[in-house]
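Asks: Sequence:
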Amino acid sequence: MAALAALFASPALPFPSTSASSSSPPSCSCRFRPAVACAPRHPPSSRRVTRRFDEVEGASKKRRGGVIGGGGGGGGGGGSLASSTRKDKGLSVDFKDPQVADFEDLEEDKFLNAVVKVYCTHIRPDYGLPWQKQRQHSSTGSAFMIGDNKLLTNAHCVEHDTQIKVKRRGDDKKYVAKVLARGTECDLAMLSVENEEFWRGTEPLQLGRLPCLQDSVTVVGYPLGGDTISVTKGVVSRIEVTPYAHGTSDLLGVQIDAAINAGNSGGPAFNEQGECIGVAFQVFRSDEAENIGYVIPTTVVSHFLNDYRKNGKYTGFPCLGVLLQKLENPALRESLKVPSSEGVLVRRVEPTAPASSVLRKGDVITSFDGVSVGCEGTVPFRSTERIAFRYLTSQKYAGDVAQLGIIREGKVMKVQTVLRPRKHLVPFNVDGGQPSYLIVAGLVFTPLTEPFIEEECEDTLGLKLLAKARYSLSTFEGEEIVIVSQVLANDVNIGYEHMGNQQVIKLNGTMIKNIHHLAHLVDTCQDKFLTFEFEDDFLVVLDREEAVAASSDIQKEHAIPSVRSMDLSEPYVDTNHEVQNQGEDFGDSPVTNFELGVDCLLWA
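Using this note's numbering, the final residue of the sequence shown is 1768, and nothing's skipped along the way.
Wrong hints could be hidden among the right ones.
Within a straight-line C-alpha distance of at most 30 Å, the following computed DSS-like cross-link-like pairs (lysine-lysine) qualify [stated by the list, open to error]:
id : residue 1 : residue 2
1  : K1342     : K1587
2  : K1501     : K1477
3  : K1342     : K1329
4  : K1331     : K1342
5  : K1501     : K1331
6  : K1501     : K1490
7  : K1329     : K1314
8  : K1490     : K1575
9  : K1314     : K1474
10 : K1329     : K1474
11 : K1501     : K1525
12 : K1337     : K1274
13 : K1314     : K1338
14 : K1720     : K1297
15 : K1628     : K1670
16 : K1525     : K1314
17 : K1501     : K1587
18 : K1337     : K1314
19 : K1490     : K1338
20 : K1314     : K1342
Here are the computed distance ranges between Cβ atoms for each label pair [to be verified]:
id : residue 1 : residue 2 : range
21 : G1673     : I1551     : 47 to 55 Å
22 : G1596     : I1658     : 33 to 41 Å
23 : Q1690     : D1717     : 39 to 47 Å
24 : S1450     : S1521     : 55 to 63 Å
For the record, the hints were derived by calculation from the structure and aren't laboratory data. All C-beta atoms, glycine included, are put in the ideal place defined by N, C-alpha and C.
Between the sequences and the hints, there should be enough to build the whole structure, so can you do that?
Replies: Put into structure tokens, the structure is as follows:
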């Protein structure tokens, strides 16, 4: 499946400078490679042609009956061609008819004018050297107006942004924009532009309902291949819970066959009535498939917007926090005393999930807020469709209460639980954009994160650490896997300079909860030695006074502004949770937000 991973319709990248020797474009801001253009598609039948965007750039519908010649008026003696009509081989050209349509008279033009081009400058953190950042680069994407002087785009278009500018269609002036809310899970971001001139004479787009299969769809944006607005058409191919590549989560998605190219990210998709039915955001790349693009539907967009209005910030999509198994086998259902072909088996409950207080291993969930759950982990959707169980939890907000119908040892029960966003032991995104770090006598400590794994490459981490990252669950709020990413060579750490990517377990016999806890233990240590215990009982012992004295030399030699990140300067608050040594206690399913695993396991 790795070869068939879904990729972003990434923001378009500018051409490299003349000094660049490589012919490939620079990497984009997102963690995935830019999406390539889909293979050419046969034109849709006439019944699928949309009404409002059947002429690119608002070409006049009055001239659709004939072929328009590209003439210009000729001057000079014997007569003017500008006042004549010429017939040649069946082509009729009327040079009195203006060859450029008046855009102001076109109804669909107001919809196109709500779509803007986004110019973003990114500076990605350097997770290997967490005290600095990588080289600055730029990209372009799309966005559209949603009212109240706000724009909507994809979160990956403005990831690690340092400057965002937007430009309206037909305008040559760029306006500075700011990020108001960023939803990594749903790959959405809300922007604001303070300059009132930008909003003068504009109309926001109206959000439509979830489309049906075979409905016509038109994608509008600013992809590669030109500077002006681009329009592509297609139909709705599929609607189901879909993995979101940027946020590694499972939410409702709309699959379409309209071309979505690099730079289309953040642009709207319209139905035949001119209503926005979603946001273009990713494509599926494979040698065995073509013309598979994805749109974030208005149900997810509305959840994001309502979450921001309700809480003043984005709080996320909640989840149940349980590992589920299908109950398709009749013998399995009979052994669990499940009378009918319904329900899913609870295999594990996350210790940090509120559901851990009401659900147990071996419970069978048969309903969610009164909606029956099938034995394949699906629930009814619209009139004749079914959809993944995760869809019901994604309709809730953080802090909402859900009622679950369960069967426990043959007894039918009703329980209630609070829904919260999931907290990963190894986060998929770093809050604030800058990783935490602590340098002690040249040993660089940092939390293990997915961006760090991507940057370092999985081969350098070792199977044991990688297994923890993929399969382990948090046992308490705030737990982190703290590693030594590298050792900055110095006389004080002789013999340890070849260490790298190893998890530290204890300091002077105390289990380490997270990197903030490690910094607190180092600061309050009064012993002669700092004794770090790593995986496989590997020891690093440092003289505490010598380690403190060497810090300034190491900092100066490597041009490090501080021996710790800014967040570690805050006072440490003990959570009073006892750390459990996980050892080999791994789960047997990857820790992701994906609903369906290769072995029929589902994450709700």
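Asks: Confirm or reject each hint.
Replies: Structure-based check of all given hints:
1. Simply put, K1342 and K1587 have alpha-carbon atoms about 27 Å apart, close enough for the 30 Å limit, and the pair holds.
2. Among the hinted pairs, K1501 with K1477 is inconsistent with the structure: their alpha-carbon atoms are about 45 Å apart, more than 30 Å.
3. Between K1342 and K1329 the alpha-carbon distance is near 9 Å, which keeps this suggested pair within the 30 Å criterion.
4. Proximity of K1331 to K1342 is assessed by CA-CA distance (about 14 Å); at most 30 Å being required, the pair is judged to hold.
5. For the given pair, K1501 sits about 62 Å from K1331 by alpha-carbon distance, which is inconsistent with the 30 Å threshold.
6. Pair hint K1501 plus K1490 holds up; C-alpha atoms about 15 Å apart against a cutoff of 30 Å.
7. At most 30 Å may separate the alpha-carbon atoms for a hinted pair to count; K1329 and K1314 meet this at roughly 13 Å.
8. About 19 Å separates the Cα atoms of K1490 and K1575, which keeps this hinted pair within 30 Å; it holds.
9. A C-alpha spacing of about 16 Å is found between K1314 and K1474, which places the hinted pair at or below 30 Å, so the restraint holds.
10. Distance check on the hinted pair: K1329 and K1474 sit about 27 Å apart at the alpha-carbon level, within 30 Å; holds.
11. Our distance criterion of 30 Å between C-alpha atoms is met by K1501 and K1525, whose separation comes to about 15 Å.
12. Restraint check: the Cα-Cα separation between K1337 and K1274 comes to about 19 Å, which is no more than 30 Å; the hinted pair holds.
13. Taking the CA atoms of K1314 and K1338, the gap is about 16 Å. The hint holds against a cut of 30 Å.
14. With a C-alpha separation of about 18 Å, the suggested pair K1720 and K1297 falls inside the 30 Å cut-off, and the hint holds.
15. Restraint check: the Cα-Cα separation between K1628 and K1670 comes to about 17 Å, which is no more than 30 Å; the hinted pair holds.
16. For the suggested pair K1525 and K1314, the alpha carbons sit about 46 Å apart, so the restraint of at most 30 Å is broken.
17. At roughly 33 Å between alpha-carbon atoms, K1501 and K1587 are farther apart than 30 Å, so this suggested pair is violated.
18. A distance of roughly 18 Å separates the Cα atoms of K1337 and K1314; the hinted pair therefore holds under the 30 Å criterion.
19. With a C-alpha separation of about 53 Å, the suggested pairing of K1490 with K1338 is violated against the 30 Å cut-off.
20. A C-alpha spacing of about 10 Å is found between K1314 and K1342, which places the hinted pair at or below 30 Å, so the restraint holds.
21. Between G1673 and I1551 the C-beta distance comes to about 51 Å, which sits within the given range of 47 to 55 Å.
22. Between G1596 and I1658 the beta carbons are some 35 Å apart, a value that agrees with the proposed interval 33 to 41 Å.
23. At about 23 Å, the CB distance of Q1690 to D1717 disagrees with the hint of 39 to 47 Å.
24. Range check, S1450 to S1521: about 43 Å between beta-carbon atoms, so the 55 to 63 Å window is missed.
Figure legend: structure checked against the earlier numbered hints; hints not met, in rising order: 2, 5, 16, 17, 19, 23, 24.
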